[in-house]
Amino acid sequence: MPAPSFLFAQALSGLTAAMFLFLVASGLSLIFGVLRVLNFAHGSFYMVGAYLAWQIVHWFGRDPASFWWAAVGAAVGVALLGGVVERVLLRHLYGKEELYQLLFTYALVLILSDAAKVLWGTGQLSVSRPPGIAGAFRFLDTTIPYYNLFILLLGPAIALGFWLMLGRTRTGRFIRAAALDREMLGALGVNVSRLYTGVFVLGSFLAGLGGALVTPVKAIVPGMDVEIIVEAFIVVVIGGLGSFWGTFLGAVIYGQVLSFGILVFPRFSIFSVFALMAVVLIIRPWGLLGRPLKT
Amino acid sequence: MSALRRLPWGLLGVLAALSVPLLGSRFYTFVATDVAIMALFAVSLNLLLGYTGLVSFGHAAYFGVGAYTTGLLMKMAGVGFTLAFPAAGLLAGLFALVFGFFCVRVTKIYFAMLTLAFAQIVWAICFKWNDVTGGDQGMPEIPYPDLAWMERLPLVGDLQTSDHFYLLTVVLVGVCFWLLRRIVGSPFGRILTTIRENPERAEFIGVHVGRWELIAFVLSGAFAGLAGGLFGIFNRGVFADFVYWTKSSEVLIMAILGGMGYFYGPAVGALVLLVLNQQITSYTEYWPLVLGSILIVLLFAFPGGIVGALDAGRRRLARLRRA
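So the protein sequences, as listed, match chains A and B. Taken in order, the first sequence gives residues 1 to 295; the numbers are from our numbering. Taken in order, the second sequence gives residues 1 to 323; the numbers are from our numbering.
Simulated from the structure, these hints should not be mistaken for laboratory data. Misleading hints may appear alongside valid ones.
[Said to hold, decoys possible] Across the chosen pairs, the derived CB separations fall in these ranges: (1) B:R201 - A:A157: 29 to 39 Å; (2) B:L90 - A:L188: 52 to 62 Å; (3) A:I282 - B:R190: 22 to 32 Å; (4) B:G261 - A:G132: 51 to 61 Å; (5) A:Q124 - B:E200: 49 to 59 Å; (6) B:R190 - A:G167: 10 to 20 Å; (7) A:V279 - B:G78: 49 to 59 Å; (8) B:D136 - A:L149: 32 to 42 Å; (9) A:N191 - B:R6: 55 to 65 Å; (10) B:E200 - A:W69: 49 to 59 Å; (11) A:F265 - B:G313: 38 to 48 Å.
[As the list claims (entries may be wrong)] Take a look, some chain A residues computed to stay more than 10 Å from chain B by CB distance: (12) P4; (13) L108; (14) D181; (15) E183; (16) L185; (17) A219.
Think of the CB as a built atom: it goes at the ideal place given N, C-alpha and C, for glycine as much as any other residue.
In isolation and in its complexed conformation, chain A is listed as follows:
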């Protein structure tokens, strides 16, 4: 039996990873829930967010607050990119076969991964932790960087804000209605097409924010796009595509399974999460907290 402090550290690291994943996966889930498009390029948006954040820090490095500007700037930049993609291209594929939408977003993956190589090269880039919260503290025999604590608090805060937005605001009601019956919503006089753009922009914003915030703890490398999209897929499939709390639950489960799976089967921890995903798909294809798709 490993020491309790070790287990605590392991659980905490899993939870931190889960919060990053939640940021990315929630956008993926939101876009699927409303637009019914499985966006492979979501991981690419995350990667673009990371590179943009590095670029902004690089430009304004002397300003101590530059990291925060970079995080916001990168998220806004990615949101704009998402808006352009949706308005110019993606919207022409609504109502066509799912395969075309899947392959369109895959084409974006290919294009964005190469575009990032052209603009930022193939080397590793990194961003240092923002000066205000660069240190660490000790708790229960475990060293916890302040930045990780910030992420651990930010995840639930964003989840809560999101939940309030969906539940309490007019826009949130429209988004939930569009997920249930877009034609009816259109017939009631809501501009569904603009709502779609808005949802895609919001989802992209979250991906960009996730990418920007991960830069102090993870190196920015080519290939991070494909890596995160697979993880985000597992999360949303386990939790339930289109389900908001499901995504949160999925992210937490994923983080814990991965971080404790390493202890049980050191080499096959990645296998355990794929197996979990397959089991969920077999038993409840719509995920733990999701609901079956209307056809």
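We have chain A; now place chain B onto it with these hints.
Chain B alone, transformed into the frame defined by chain A:
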């Protein structure tokens, strides 16, 4: 027109392919081997995609299982190609049976995701199980099959081993195409088309949709496995990339590019994509950028693929001539 139709195009195609090594360029033979094998992979996928209307996003799993099967048997167990090749199809078909059993129970986007999940499980095993698959190092130095008997053949006798392997590949792929053609032309093939057009209605008229879909899944996986078996030898090694999800999307792109509404569409897609790849990578390293752009143009301008566009053009020409 009808005289043209009556020519045995399949046989002519095989003959033309067989004569590639006589051009005397190792490079051409190399590309042609690649094209022949990937064409089989893409056509096998199309049994599900184009004929049954099921989007498998994990077809690389069966390709990879086939490649590892043939590779392991030939390299580690010293089994001959005559056994190791069919074994690839058999084992891939077996995997397809197990995975497909679950996949055909879910529909549409969930089907695509479950096939992807299973393929990633296979990938994770291949990537980590160092003792058997070589893990991330892969399994290099797969031997060529013993093709010494070809040296006694006229015309092709004094070619190299890689050329001989190519000839074998063309014949085997040709036989697989012939079998697949028979399958899609049979009453079974018509049932699959019915399922694609309207699964509910198919169920109403007494077609056991899930069962037929599973049979299509197994057949499709088995042929993909055969393609994988050949590819491992051609590539002189089997690597975990063969199973990764990007490989699955690559073969989907081939099928769409050629035209999934036509039997040979995916084969045409494989040919065009691989030749383009060879040409473009000699100018620039940014092949994915080019591929992504091609894909976008294709999806928006030619959703029927190359063969679909040609077919539409031919029909328009015929209509003009009649008018």
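Evaluation of the provided hints:
no.: 1; hint: B:R201 - A:A157: 29 to 39 Å; result: violated (50 Å)
no.: 2; hint: B:L90 - A:L188: 52 to 62 Å; result: holds (57 Å)
no.: 3; hint: A:I282 - B:R190: 22 to 32 Å; result: holds (30 Å)
no.: 4; hint: B:G261 - A:G132: 51 to 61 Å; result: holds (59 Å)
no.: 5; hint: A:Q124 - B:E200: 49 to 59 Å; result: holds (52 Å)
no.: 6; hint: B:R190 - A:G167: 10 to 20 Å; result: violated (51 Å)
no.: 7; hint: A:V279 - B:G78: 49 to 59 Å; result: violated (38 Å)
no.: 8; hint: B:D136 - A:L149: 32 to 42 Å; result: holds (34 Å)
no.: 9; hint: A:N191 - B:R6: 55 to 65 Å; result: holds (58 Å)
no.: 10; hint: B:E200 - A:W69: 49 to 59 Å; result: holds (55 Å)
no.: 11; hint: A:F265 - B:G313: 38 to 48 Å; result: violated (56 Å)
no.: 12; hint: P4; result: holds (29 Å)
no.: 13; hint: L108; result: violated (7 Å)
no.: 14; hint: D181; result: holds (18 Å)
no.: 15; hint: E183; result: holds (19 Å)
no.: 16; hint: L185; result: holds (21 Å)
no.: 17; hint: A219; result: holds (19 Å)
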